[in-house]
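From just these sequences and the hints, can you work out the full model?
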Amino acid sequence: MITVGIDVGSITTKAVLLNGTTWQSLLLPTGCSPRDAGKSVFEQILDRASLSPADVDCVVGTGYGRISLPFIDKAITEITCHARGALHLVNGTDMVIDIGGQDSKVIMIDEQGRVINFAMNDKCAAGTGRFLQVMAAVLGADVSDLADLARGAEPVQISSMCTVFAESEVVSLLAQGVSKERIISGIHRSVAGRVASMAGRLGRGRRITFTGGVARNGGVREFLARELGQEVTVAPEPQMAGAIGAALLARDRCKH
Amino acid sequence: MRPSMMKIFDNLRDQNILDLEHAKRDNKKVVGMYCAYSPQELALAAGAIPVSLCGTKNEPVAAAEKVLPRNLCPLIKSSFGFAITDTCPYFRFSDFLVADTTCDGKKKMFEILSSIKPMHVLHLPQGTDRPGALGWWLEEIRVLKDKLEENLGATIDEDGLRAAIKLTNRERQVMRKLHEMNRLDPAPLSGVDLLTATWLRSFSVDKAEGIELVEQLIEEIQEIAEKGLSPFRPGTPRILLTGCPVGSGSEKVLKLVEECGGSVVCLENCSGIKTQVYLIDEDESKDPLEAIAERYLQIPCSCMSPNPGRLELISKLIDEYRVDGVVDLTWQACHTYNVEAELVRQLIKDKFGLPYIQLETDYSTSDVEQLKTRVAAFIEMMDRS
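So the sequence lines, in the order shown, correspond to chains A and L. Counting from 1, one number per residue, gives the positions in the first sequence under full-length UniProt numbering. Counting from 1, one number per residue, gives the positions in the second sequence under full-length UniProt numbering.
Worth double-checking, as some hints may not be accurate.
[As the list claims (entries may be wrong)] Straight line, CA to CA, 25 Å or less: simulated DSS-like cross-link-like pairs of lysine-lysine:
(1) L:K255 <-> A:K74
(2) L:K7 <-> L:K177
(3) A:K74 <-> L:K372
(4) L:K107 <-> L:K166
(5) L:K147 <-> L:K7
(6) L:K166 <-> L:K28
(7) L:K252 <-> A:K74
(8) L:K316 <-> L:K349
(9) A:K39 <-> L:K372
(10) A:K39 <-> A:K74
The set of hints was computed from the structure by calculation and includes no laboratory data.
Structure follows, in structure tokens:
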């Protein structure tokens, strides 16, 4: 059986092709058209596997752009997909922390990877990948280098949760001569603190798995573990969790 | 399948406004009421038409924010905005306003509003578990009676009150019966239609006519249900909506739940069944004002402390309507419902083990996409297909 999961996020679009027990993945920037990004990631992953759409038994779309995909069989929210994907990636997961481009969520799951409870950030960008991107731009750094730049530095206090206010706070810290390393470390702690308090409202997990693009940032992971007083496991290929979950849910659908 | 009667309800708002205009021309008085605690029987007994002025639309919010703080509940801002912009026909038709000291935001807003039109604000007790609570409230109802008589130039007598009680009790019973049709699985009426059909009771000039319309609707629903028809497929998650009031214009969460694959089988809020479950005692040997006071004080609103009645009602409704999950709606900056949500969450989790979600939002459409993801994920938790 061949199924595909497409996760159209705010920054990147991911596809996972599941063929029996093996899977392959692909990631592209979403750009300005989620619909086109979803279409091209689907075409490209099929191309690589030398398959045509007719070979695929079921396609599930997820992520904020899921509604705009005309070729999918079903749209399922990223919350349900991440839950399923995270359990597949890290055995025994009962709490998923996902920090993506424009939202962050904490999901409690059962042994089958089904959602028991979840919390999601409100309207603003605090505690999301976008927050890190904006801060990286102010500091003239690439977002993927932030963790290396901050390594070991004592975090400075960033008190604004709001992305716009935090940006001016960072500018004034730079003007005061505070080192970039300490500021970045402070930014990591701020993101982690925000998400940890959301997790605290849901209760305690025995095994916490970290997914989404921000999970690639070791600094945020470290502060998350510190704030929660628990180990936080980064899922292998953390950005793929949603698409993997979607492909698995597509397989479940076919079996019915 | 949607009952064909619903078309009549869809157009009832315009009809109600026309009827009201005619009634005003015939020198009928109109009493605008802001809250479910305001006893409409007193207005009816005074020969006036009670209408609800609780703001449920987003349009006047911007105007209200020129005077009121932005960080205030949209219901208060909408109610106030309608009044200062004179864009609500029901407000314009009102000769006298009746309000209640429910939450802090409302009671202070009423102080500003009272300069626009003559108004009386009923003082509610803080809770119902003190020996003096009912006596206090009865005294307040008596003061209201005097105020209405004085301002409307009418007399409110016992016969008038008893007739009004009989009429509003009939209305409550028929609304309850309509609601109870949705105990069937799958529900024969969508939550959005249930709201449309019950909402208009607060604006009709002739209550008896309104009751008859709802009776006809119930008959049609019974026929539909007998054929096993429903707008929902079997297995659709059955949702209880509780929390802040929802009305025409502020049904965004209700709509979202149904768009995302749920069926809102029961509305617990004060625009729904909360205000219909308790009838007024019709015992002829009882002072009607006392019977009215008793009944209205039973309404389990979060402005009461403590408010065990709401948790009891929710528990009952979960069983009666075979509910799969509970959506608790909180309007932004509504502190009483927002804080009470924790007690509701505990009840739903500990006693029923059902999925529960609290959604905090306002009347605007700015957060619809984010809400949609949350609501859809919540429905997916219960999906039995």
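We went through each hint and held it up to the structure:
For the hint linking L:K255 to A:K74, the alpha-carbon distance of about 21 Å falls within 25 Å, and the restraint holds. A hinted pair counts as satisfied when its Cα atoms are at most 25 Å apart, and L:K7 with L:K177 qualifies at roughly 20 Å. For the suggested pair A:K74 and L:K372, the alpha carbons sit about 16 Å apart, so the restraint of at most 25 Å is met. Annotation: proposed proximity of L:K107 to L:K166 is violated, straight-line Cα distance about 31 Å (limit 25 Å).
Taking the CA atoms of L:K147 and L:K7, the gap is about 39 Å. The hint is violated against a cut of 25 Å. Of the pairs offered as hints, the one joining L:K166 and L:K28 holds, with about 21 Å between alpha carbons and a cut-off of 25 Å not exceeded. For the suggested pair L:K252 and A:K74, the alpha carbons sit about 24 Å apart, so the restraint of at most 25 Å is met. Among the hinted pairs, L:K316 with L:K349 is consistent with the structure: their alpha-carbon atoms are about 15 Å apart, no more than 25 Å.
Restraint check for A:K39 and L:K372: satisfied, since their Cα atoms lie roughly 23 Å apart, inside the 25 Å limit. Between A:K39 and A:K74 the CA atoms are separated by roughly 15 Å; this keeps the pair inside 25 Å, and the hint holds.
Violated hints for the displayed structure, listed by number in ascending order: 4 and 5.
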